Amino acid sequence: MSEDKPNLKVARRDFLSGVGIAGAATALSPVIPAAAQTPAQAKDQAKDQPPAPQAAGYTYFKPTEVEFIEALVDHMVPKDELSPSGTDIGIATYIDRALAGSWGKGDRLYMQGPWGKGTPNQGYQLPLTPAALYRAAIARSNAYCRKTFGQSFDRCSAQQKETFLKDLQAGKITFDGGLPGRAFFGVLYENVMEGMFADPIYGGNKDKIAWKMLGFPGVMANNAENVKQYNDGRRFIANPVSIADMS
Amino acid sequence: MATRLPPVDIVIVGMGWTGGILAKELASTGLKIVALERGAPRSTQNDFSVPLIRDELRYSQRHDLMMDVSADTYTIRNKPSETALPMRRLGSFLPGEGVGGAGAHWNGVTWRWPDHELRIRTKYEERYGKSFVPADMPLQDWGISGPELEPYYDKFEYTAGVSGKAGNIKGQIQKEGNPFEDPRARDYPLPPLVSNLAGQMFAKTAKELGYHPYVRPTANASQPYTNPDGMKIGQCQYCGFCERFGCEANAKGSPHITVIPVALRNPNVELRTYTWVTKVLKDSTGKKATGVAYVNVLTGEEMEQPADLVILSAYGLSNVHLMLLSGIGKPYDPETQTGVIGKNYAYQGGANVTLFFEGKSFNPFIATGGWGTSIDDFHTNWNFDRGPHSFVGGAYISVGGSNGRPITYRPVPPGTPQWGSDWKRATAKWYHAAMTIAASGAVMPNRYNYLDLDRTYTNRFGQPLMRMTFDFSENEKKINRHAAQVIGDIAKAMNPTQMGQPTPRLTWSVVPYQSTHNTGGAIMGTDPATSALNKYLQSWDMPNLFVTGASGFPHNSGYNPTGPVGALAFMMADTIRNKYLKNPGSLI
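Sequence order for the protein chains is S and A. For the first sequence, position 134 (counting from the first letter as 1) is numbered 134 according to the working numbering, and the numbering increases by one without interruption. Numbering-wise, the working numbering comes out as the position in the second sequence, counting from 1, plus 247.
Rather than coming from a laboratory, the hints here were simulated on the basis of the structure. Just so you know, not all the hints are guaranteed correct.
Estimated spans, in silico, between C-beta atoms of each pair [stated by the list, open to error]:
id	chain 1	residue 1	chain 2	residue 2	range
1	A	Phe379	S	Lys117	37 to 45 Å
2	S	Ala158	A	Phe379	56 to 64 Å
3	S	Lys117	A	Asp434	50 to 58 Å
4	S	Arg146	A	Asp669	26 to 34 Å
5	A	Ser328	S	Gly101	35 to 43 Å
6	A	Gly574	S	Glu225	55 to 63 Å
7	A	Asp774	S	Asp167	51 to 59 Å
8	A	Phe708	S	Arg146	46 to 54 Å
9	A	Asn543	S	Gly101	25 to 33 Å
10	S	Gly106	A	Thr532	42 to 50 Å
11	A	Ala318	S	Lys62	26 to 34 Å
12	S	Ala158	A	Gly662	18 to 26 Å
13	S	Tyr189	A	Asp632	43 to 51 Å
14	S	Asp167	A	Ala318	31 to 39 Å
Restricting the straight-line Cα-Cα distance to at most 20 Å, the calculated cross-link-like pairs of lysine-lysine (PhoX-like) are [claimed, not checked]:
id	chain 1	residue 1	chain 2	residue 2
15	A	Lys412	S	Lys228
16	A	Lys607	S	Lys212
17	S	Lys228	A	Lys451
18	S	Lys172	S	Lys117
19	A	Lys535	A	Lys826
20	S	Lys161	S	Lys172
21	A	Lys739	A	Lys451
22	A	Lys607	S	Lys228
23	A	Lys529	A	Lys577
24	A	Lys412	A	Lys422
25	S	Lys212	A	Lys676
26	S	Lys79	A	Lys676
27	A	Lys326	S	Lys117
28	A	Lys607	A	Lys676
29	A	Lys535	A	Lys829
30	S	Lys161	S	Lys79
31	A	Lys535	A	Lys577
On a predicted model such as this, the values are computed, not experimentally measured, just so you know. Glycine residues also receive a C-beta, built at the ideal position from the N, C-alpha and C atoms.
With the hints as constraints, model all of the structure from the sequences given.
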C-alpha cells in the first residue's frame, strides 16, 4: 500500500488542481439575497460556479500522521458507487485544517487542572487539545498496531484496521502510558463525519459529494412553498448549494 | 482598583429575552437604566446573514453563538459522592451569550404551563394524598396560579409572534388545539405552522388510539407579523437552520428584533456589551444591593456600577452563580436540607424512538425550529391518573423534525455499521425516510440535585465555578420508561418498515446534547425557609434584587421553559412599575 503513496499523491494533486489559495477564488457572481432568490435561481447559480477552492497538502500532520489519517479516512469512507475515497473527498484535509486552526488548539475548551479521569458521564477530561491528542494518539495507535499486527496502521489489512477501530471504539485499548483509546476514537469519528458532511469551504465534502449522496440541498432553503407541496412522501430534489456558491 | 461609575436607578444583568422585556417595560418610568451584557452585540444583518449563518460546523458543532466554556463553565457530577469535574466542552446544554442570549438561537417552542404545575404540591396532595410525594422530593408550590399568569403569557406570545391554535378560549374547547390547556383569553397571534408529513402520520395514528394531537405553539412566524410594539417579524422559510442559529428572515421571535431595540429607543436606557458582571454589591447590613461589579472584557478594567435596583436576568444558571458568588441568601445544603440558593436544580428527561418507512420521503431539511405535532394526554392532562404509575409529572409526546443538517442528522436502523460502504448505503437510503417520536419528560426536584460553588476550579476571573450535582431520580426514570412504552406503542401502530428501540433517559451525561432547559437554583415560593424569591421573583433576603429566568422554577415540567420565563418577566415588570417603585421594600 505504501509503495503506491507517491503516485496517489500526484494523482490527488491533479485531482485538486487549479484551485489556488483557499477562499480567494469564487467571489465572482453577484450575491442575491436569500430572501429574493428562488430555489431555481440557487440551482442555476450552483451549476455555474466552480467548486469551492481546496488547497492540497497538509499544515499540521507530519508524514507518518498523513499515512495514518489517509488510511483511516479511506477505510471509513471507501471509494465505491456512492463517493470517491475519504482522502479524495478531502476528509483528511478537513481534519488537518481543523487541527491547525483554533479548534485544534483548544478554542472553547476549558483547560484548567487538576485532571481527573472522571466517569463516562463527565465527558472529555484529558489535558490535551485536539491537535495534541491526535499527535500523541496516532503515534500510539501505530505502536499498538505494530505490536498487535506487526505493522503500522496504514499497512494493516482491512480486517486488521477494522479490528483495531472497533476495539478503539469499544474502549478495549488503553495506549502505553495510559492514554485511553476511546477518547481518541470519539474525537476522530466526529471529525471524520464533519469532514464528510460539513460545508465544502472547510476542505472536505469535495464537490458537495456527501450532500449529493444524501440529497441534502445545502445552505439555500426558501421552503415556504415547498413545505406545502412536498408533504406527501415525494422527494424534494435540489442541486446542493454551498457557502462558496453563494458568496 | 475598580472604577466607580455614576449611580443609576436600575441595573439589568444580561440582555436576552428577560433583560430585554424588563428594559422595555421599565423604560417608560423614565428612570435611568443600564443593561450589562457580557457578550457581543448582535444584529440580524451582520451576524445572521446568508450564507454565513447556514454553517452547521461553525454554529451547531462549534457553538459559535454559545457560552465559551474556556472562560467560565460548570463542574459536574451525578451524585454527591463523586468528585465534580469541569464540563470542558459544551454538550448536554447550550447557554447563549451575546445580545439576545439564547433567545437568538432557540427553536421557539412556547408553552403555557397549566395551573396544576404552578400549584403542584397542593394539587398532588389533594388528589393522591400526602404520602404520594416521596420524602426526598422537595416539591413546592410556586406561589402563583394559572389565572394570575394568563395575561402575561398573552403579552409574551403577542410580543414574540407565536404561531399556534388555542385549545381552550374562556372555557370553550377549540377544535384542533390542545384540549388540556388552561383557559385563555384569546387565540395565538398567528395561525399554526404548516404540518409536515411525519406530523400528519403521527396525528392520524394518535387519534385512532384515542389521543388528542395538535400542532404545537412556537415562535416561528407562520405569516409576516407586526407585534404590539410595532416590531416586524418575517415569515418562516422552513430553512432547517433554526436552533443553534440566528434567523436571517427575522422569522423567529427573538429579543434582538423585538424587546431590545424597543427598549433602546429610550434615551434613559443604555446597553453596555462586553461587560461581565462578577458580583452583586451589598451594603454593610447585607440586606441591600448597592449595585454590581463588572469587568470590561475588552480591557480587563474592573468597574462598579451603583444602582438602587438590581435585576439579574442572565441565563438561569448564571443568576444562581451570581447569587452564590455574592453571598446573597443561604446556600443550600443537601445533608441538612437547609438553605435555599442552589436548591431544586432540575433538568429535562424523556425518551425517543426512530421509525423508518422505506420509499417515503420526509424531506427532513424542509423544517423549522419549534415545528411539531404533540399530544398532552400523559402530561398537561390532569385527568391522566398518575396513581398506578406512582410518578409526579409526565411527558408530552411530539413528532418535531427541526432539521436535516447532515453532520448530526443521519438516522439509520439499528445494527447498521458506523463506517464503510454498507454504512454509506444505509445513510443514503434512510436519510429521507426516517422520522422520530420524542417524549419530553418533567423533572421533579430531588434533595441531592443541587447547585453550589466548586472548591477547586475557577473561571477566567479566578472566581469559583458553579458545581452541578444531578441525575435522574426514580420519579423521572418512571416517567421516562412510561413515555418510552407509549411512544413505542404509537410507533408500532404507525407500521413502519423498521423501528429502533424506544429509549428512555435513565442517567444524565454531559456529553450528548439533550436540552437547554436547566431550571431551579433560585426558586420562587411562599416561604423564605424553602425558596429564594417570593412570588414576584423578589429576593426574600434583599428586597431591591429581582431575579428572572428558569432559575426561579421550583420544578421542571415536560414543557419547554421559555413561555413561563417570558410571562414571569412581564409580571415582574408590572410588579416593579406598579408596586415596588411606589414603595420600595419587600412586597410580601
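So, going through the hints one by one against the coordinates:
1. A:Phe379 to S:Lys117: 37 to 45 Å: With Cβ atoms ~41 Å apart, the hint holds.
2. S:Ala158 to A:Phe379: 56 to 64 Å: Check passed, 59 Å falls within 56 to 64 Å.
3. S:Lys117 to A:Asp434: 50 to 58 Å: holds (55 Å)
4. S:Arg146 to A:Asp669: 26 to 34 Å: At 29 Å between Cβs, range holds.
5. A:Ser328 to S:Gly101: 35 to 43 Å: With a Cβ separation near 40 Å, A:Ser328 and S:Gly101 satisfy 35 to 43 Å, so the hint holds.
6. A:Gly574 to S:Glu225: 55 to 63 Å: holds (57 Å)
7. A:Asp774 to S:Asp167: 51 to 59 Å: Since the Cβ atoms of A:Asp774 and S:Asp167 sit about 56 Å apart, the hinted range of 51 to 59 Å holds.
8. A:Phe708 to S:Arg146: 46 to 54 Å: Holds, since A:Phe708 and S:Arg146 (Cβ atoms, about 47 Å apart) stay within the stated range.
9. A:Asn543 to S:Gly101: 25 to 33 Å: holds (28 Å)
10. S:Gly106 to A:Thr532: 42 to 50 Å: At 45 Å between Cβs, range holds.
11. A:Ala318 to S:Lys62: 26 to 34 Å: holds (32 Å)
12. S:Ala158 to A:Gly662: 18 to 26 Å: Since S:Ala158 and A:Gly662 have Cβ atoms about 20 Å apart, the given range 18 to 26 Å holds.
13. S:Tyr189 to A:Asp632: 43 to 51 Å: holds (45 Å)
14. S:Asp167 to A:Ala318: 31 to 39 Å: holds (37 Å)
15. A:Lys412 to S:Lys228: Within the cut-off at roughly 18 Å; holds.
16. A:Lys607 to S:Lys212: holds (18 Å)
17. S:Lys228 to A:Lys451: holds (18 Å)
18. S:Lys172 to S:Lys117: holds (16 Å)
19. A:Lys535 to A:Lys826: Judged against 20 Å, a Cα distance of about 18 Å means the pair holds.
20. S:Lys161 to S:Lys172: Between S:Lys161 and S:Lys172 the Cα gap is close to 14 Å, so the pair holds against 20 Å.
21. A:Lys739 to A:Lys451: Holds: A:Lys739 and A:Lys451 sit about 13 Å apart, inside 20 Å.
22. A:Lys607 to S:Lys228: Answer holds: A:Lys607 to S:Lys228 is near 16 Å, not above 20 Å.
23. A:Lys529 to A:Lys577: holds (15 Å)
24. A:Lys412 to A:Lys422: holds (9 Å)
25. S:Lys212 to A:Lys676: Given that 20 Å is the threshold and the Cα spacing comes to 12 Å, the pair holds.
26. S:Lys79 to A:Lys676: At roughly 17 Å apart (the allowed maximum being 20 Å), A:Lys676 and S:Lys79 satisfy the hint.
27. A:Lys326 to S:Lys117: holds (16 Å)
28. A:Lys607 to A:Lys676: With Cα atoms ~10 Å apart, A:Lys607 and A:Lys676 stay inside 20 Å; holds.
29. A:Lys535 to A:Lys829: Between A:Lys535 and A:Lys829 the Cα gap is close to 17 Å, so the pair holds against 20 Å.
30. S:Lys161 to S:Lys79: holds (16 Å)
31. A:Lys535 to A:Lys577: Roughly 15 Å between the alpha carbons, so the hint for A:Lys535 and A:Lys577 holds.
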